[in-house]
Amino acid sequence: MYSYYIRGKLKKNVIQVNDGDVKMKKEWKRISFFLMTIMLASTLSGCIGEKEETPAPTTPAPVEDIKIGCIWPLTGDLAAYGAANKRALELAVEIINNKYPDLNLPLAASEGLPNLGGAKIKLIWGDSRGTPEEGRSAAEYLIINEEVVALLGCYQSAVTETASLPAETYGVPFLNPDSSSPTLTERGYKWFWRCTPKAIDWTRNALEFYTDINEKFDANLHTYGIFNEDTLWGVESGDWLEYWADEFGFEVIERVQYPHETPDLSAEVLRMKQANPDLVHIAGYISDSILYVKTMKENNWLPKMVMSGEMIQMSDFLDALGDDGNYFCLTILFPQDLVTTKALTVKLNEMMDERYGKTFDDPSARAFTGLFVLADAINRAGSTDPAKINAAFAETNIPGEKMILPWAAIQFDEKHQLKAGGYVIQQIQDGEYYTVWPWELATRDIIWPMPSWDER
Amino acid sequence: MDLVYLILQVIINGILIGGVYALIAVGLSLIWGVMEIVNFAHGDYLMAAAFFSFIFWSYMGLDPLISLPLVVVIFLFIGFGTQKFVMKRLIDSPTLITIAATFALSLIIRYGFFVVFKPDYRVIRDPLLQGSLHISSISIPIAKMVTLLIAIITMILLFSFLKYTKKGRAIRATAQDREVAKSLGVNVEQIFLITWGLGIACVGIAGAMLSTFYYVFPLMGVTFVLIAFASVTLGGFGSVHGAIFGGLAIGLIQQFGGTFVSPALKDVFVFGVFILVLIFKPKGFFGKY
Numbered sequence: 001m002y003s004y005y006i007r008g009k010l011k012k013n014v015i016q017v018n019d020g021d022v023k024m025k026k027e028w029k030r031i032s033f034f035l036m037t038i039m040l041a042s043t044l045s046g047c048i049g050e051k052e053e054t055p056a057p058t059t060p061a062p063v064e065d066i067k068i069g070c071i072w073p074l075t076g077d078l079a080a081y082g083a084a085n086k087r088a089l090e091l092a093v094e095i096i097n098n099k100y101p102d103l104n105l106p107l108a109a110s111e112g113l114p115n116l117g118g119a120k121i122k123l124i125w126g127d128s129r130g131t132p133e134e135g136r137s138a139a140e141y142l143i144i145n146e147e148v149v150a151l152l153g154c155y156q157s158a159v160t161e162t163a164s165l166p167a168e169t170y171g172v173p174f175l176n177p178d179s180s181s182p183t184l185t186e187r188g189y190k191w192f193w194r195c196t197p198k199a200i201d202w203t204r205n206a207l208e209f210y211t212d213i214n215e216k217f218d219a220n221l222h223t224y225g226i227f228n229e230d231t232l233w234g235v236e237s238g239d240w241l242e243y244w245a246d247e248f249g250f251e252v253i254e255r256v257q258y259p260h261e262t263p264d265l266s267a268e269v270l271r272m273k274q275a276n277p278d279l280v281h282i283a284g285y286i287s288d289s290i291l292y293v294k295t296m297k298e299n300n301w302l303p304k305m306v307m308s309g310e311m312i313q314m315s316d317f318l319d320a321l322g323d324d325g326n327y328f329c330l331t332i333l334f335p336q337d338l339v340t341t342k343a344l345t346v347k348l349n350e351m352m353d354e355r356y357g358k359t360f361d362d363p364s365a366r367a368f369t370g371l372f373v374l375a376d377a378i379n380r381a382g383s384t385d386p387a388k389i390n391a392a393f394a395e396t397n398i399p400g401e402k403m404i405l406p407w408a409a410i411q412f413d414e415k416h417q418l419k420a421g422g423y424v425i426q427q428i429q430d431g432e433y434y435t436v437w438p439w440e441l442a443t444r445d446i447i448w449p450m451p452s453w454d455e456r
Numbered sequence: 457m458d459l460v461y462l463i464l465q466v467i468i469n470g471i472l473i474g475g476v477y478a479l480i481a482v483g484l485s486l487i488w489g490v491m492e493i494v495n496f497a498h499g500d501y502l503m504a505a506a507f508f509s510f511i512f513w514s515y516m517g518l519d520p521l522i523s524l525p526l527v528v529v530i531f532l533f534i535g536f537g538t539q540k541f542v543m544k545r546l547i548d549s550p551t552l553i554t555i556a557a558t559f560a561l562s563l564i565i566r567y568g569f570f571v572v573f574k575p576d577y578r579v580i581r582d583p584l585l586q587g588s589l590h591i592s593s594i595s596i597p598i599a600k601m602v603t604l605l606i607a608i609i610t611m612i613l614l615f616s617f618l619k620y621t622k623k624g625r626a627i628r629a630t631a632q633d634r635e636v637a638k639s640l641g642v643n644v645e646q647i648f649l650i651t652w653g654l655g656i657a658c659v660g661i662a663g664a665m666l667s668t669f670y671y672v673f674p675l676m677g678v679t680f681v682l683i684a685f686a687s688v689t690l691g692g693f694g695s696v697h698g699a700i701f702g703g704l705a706i707g708l709i710q711q712f713g714g715t716f717v718s719p720a721l722k723d724v725f726v727f728g729v730f731i732l733v734l735i736f737k738p739k740g741f742f743g744k745y
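Chains as they are written, first to last, in the working numbering: chain A, 1 to 456; chain B, 457 to 745.
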């Protein structure tokens, strides 16, 4: 469409020049400049697609490979998540396709999927570029052109929402391991499954934590501020934070909804500083979280506590902020300090470190788990028939000891939502992440309130 | 914070970020004004400059303020190189071709850095410019303040060059009418070379200074360049004054709209004004055409 437009514009330009009307030529150039400026946002948001396949197994596959479509932001401003998940999934494929009897993971002891004659898993990658439109296009491409058996992705709720539409239309199972918007499993989709908790859970946990803080420290916390980005995940997270704040007796005195990918957050922080709540929650991605911390420091302002989500567990956060990142809290599913007491997690972290020089974080641990859940369902289905895979999903029951995440089990409810899975609260202290709540799981006492910038 | 202090803070925030937008927009406007080339790669040069500052800091321990002259010289030559090896051959080509060329440059630079540096967020820690000045309840971030000062100095130097030097006058003459300038003996090809050098050096300064208070990331240019394009539109095509005016105006509109109405709507205000300017003042405030 874009190229057609330009071509049409050029023709008009040429006509004007031929007519000798130089003024009109300039006019067309000016108008094209205006329109190009407007279109820049969409055209420059990421322009390299990636359709990369994992390396083929060294030995010939006894039966046809099982193609799984993976959609994550491999380019764009959230590419760091895509890169982390890609590493984790490549490791998962290696474990499933080869024998790792010492790892207590589903399908690790066998080579490939035993119920399908040892068929190997093959990942076909689609790049969402972090946008819902690209996510949907990638899903369509993977279903129609690559004929994938199932889809996995996409991290951002807004992308998962659109990418799961073609899956529903074409009847292809879609497993989402890492989006928390409650709406996703409320749509009544037949082919959509989610093996991660919803925003309802972590937002409630955050408010339960502050209720406990009030009891423990007699802190008299009452006022609450929310920063949330303006895509599906941010908006719904903000809504649920407001809901639970009200339920637990807190008052939301400022809610700042801001454009994702904004280059400056001065106005947002100034509004929050003006309201000066006791507590602030950031429902934003890692780039926003980094910028918020820097802008709060510039304004020499901090509330008694700032909490964010698992995105600030990514190494980029502390790499970027150093000591300024200390004392922030986060809700998290994959607390490194707790899960590394589990032998399986320690071994998997070693394998990741050996291959990529990085260990698991929350998003990559969830993506890793997602592929095992999907492979387990396909194997139990004993077929690539979508209906059989869907039926197998409903019967999923992976015990806690067979996964990297610290959950009791993976089972789905009637809405295809993970039944259980809890968050803990961590605090960054001395550049490390420590679990501080629930109190009985704490590996360190919380430092409360967080010290002001001057006290550091 | 009292309302008066709040308004003062908003004005300061608007001018500080507006100065950055202006510095980015100046180079864009200069290149457009002289050669009528829309440089789609402008934001990526900005990102590359921030990465150069980061590299000097990371590998040689040079603070971005210290390495700034080096970055400026490097980007001056990168600008020369862009003209000499890429744009020179396309100067009389249809607009579509130059757009495609700068778009291709944009992708090459962006994803070149993407591949080499991975999609990781980097921040220059403990730069010379850190902390804020606190006057009563008003905060002025030192890094942004110095960036504004450097932007002002850059613009004064650029104006002086364009107005008082022979080459500057030749650039302005070429911008007014390339053919007439050529017939009067102006070496137009050399003027194009200088213009690309100056334009990219300006965005190099912006990128280097941005690295003192913003994260460095392969896609960081995209968000800024959109604002730069809007700044050029508001100020008027081909006008360096206009680009400065546009940058500052957008900074202030964003801050006032974001603080007093809603941050979710701050870009709506910016592009709302953008549309109004298109309707009522299509040449922009200082535009030539």
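Hints listed in this document are in silico derivations from the structure and should not be mistaken for laboratory results.
Careful, some of the hints might be misleading.
What the hints assert, rightly or not - When the alpha-carbon atoms are kept at most 27 Å apart in a straight line, the in silico DSS-like pairs for lysine-lysine are as follows: (1) A:Lys358 - B:Lys574; (2) B:Lys638 - B:Lys622; (3) A:Lys415 - A:Lys402; (4) A:Lys67 - A:Lys415; (5) B:Lys623 - B:Lys638; (6) A:Lys347 - B:Lys574.
Said to hold, decoys possible - Facing chain A, a subset of chain B residues (Cβ under 10 Å, in silico): (7) Val466; (8) Ser588; (9) Phe617; (10) Tyr620; (11) Lys622; (12) Gly624; (13) Phe669; (14) Val672.
Model, not experiment: these values are computed from the prediction.
Backbone N, C-alpha and C define an ideal beta-carbon position, used for all residues, glycine too.
Against the structure, the hints:
Between Lys358 (chain A) and Lys574 (chain B) the CA atoms are separated by roughly 13 Å; this keeps the pair inside 27 Å, and the hint holds. This hinted pair checks out: Lys638 (chain B) and Lys622 (chain B) have alpha carbons roughly 15 Å apart, not beyond 27 Å. Distance check on the hinted pair: Lys415 (chain A) and Lys402 (chain A) sit about 24 Å apart at the alpha-carbon level, within 27 Å; holds. The hinted pair formed by Lys67 (chain A) and Lys415 (chain A) meets the criterion: a straight-line CA distance of about 26 Å does not exceed 27 Å.
Taking the CA atoms of Lys623 (chain B) and Lys638 (chain B), the gap is near 13 Å; set against the 27 Å cutoff, the hint holds. Proximity of Lys347 (chain A) to Lys574 (chain B) is assessed by CA-CA distance (about 26 Å); at most 27 Å being required, the pair is judged to hold. The closest approach between the C-beta of Val466 (chain B) and any C-beta of chain A is roughly 7 Å, which is under the 10 Å cut-off, so the hint is satisfied. Nearest Cβ of chain A to the Cβ of Ser588 (chain B): about 5 Å, under the 10 Å cut. The hint holds.
For Phe617 (chain B), the interface hint is violated, since its Cβ never comes within 10 Å of a Cβ in chain A; the closest pair sits about 25 Å apart. The interface hint given for Tyr620 (chain B) is broken, as the beta carbon of that residue sits about 28 Å from the closest beta carbon of chain A, more than 10 Å. Interface restraint check: Lys622 (chain B) against chain A, minimum CB-CB distance 27 Å, threshold 10 Å, status violated. Taken as an interface hint, Gly624 (chain B) does not check out: its beta carbon lies about 23 Å from the nearest beta carbon of chain A, beyond 10 Å.
With a cut of 10 Å, the hint placing Phe669 (chain B) at the interface with chain A holds, because the nearest CB-to-CB distance is about 7 Å. Nearest Cβ of chain A to the Cβ of Val672 (chain B): about 9 Å, under the 10 Å cut. The hint holds.
Going through the hint list in order, the structure does not satisfy hints 9, 10, 11, 12.
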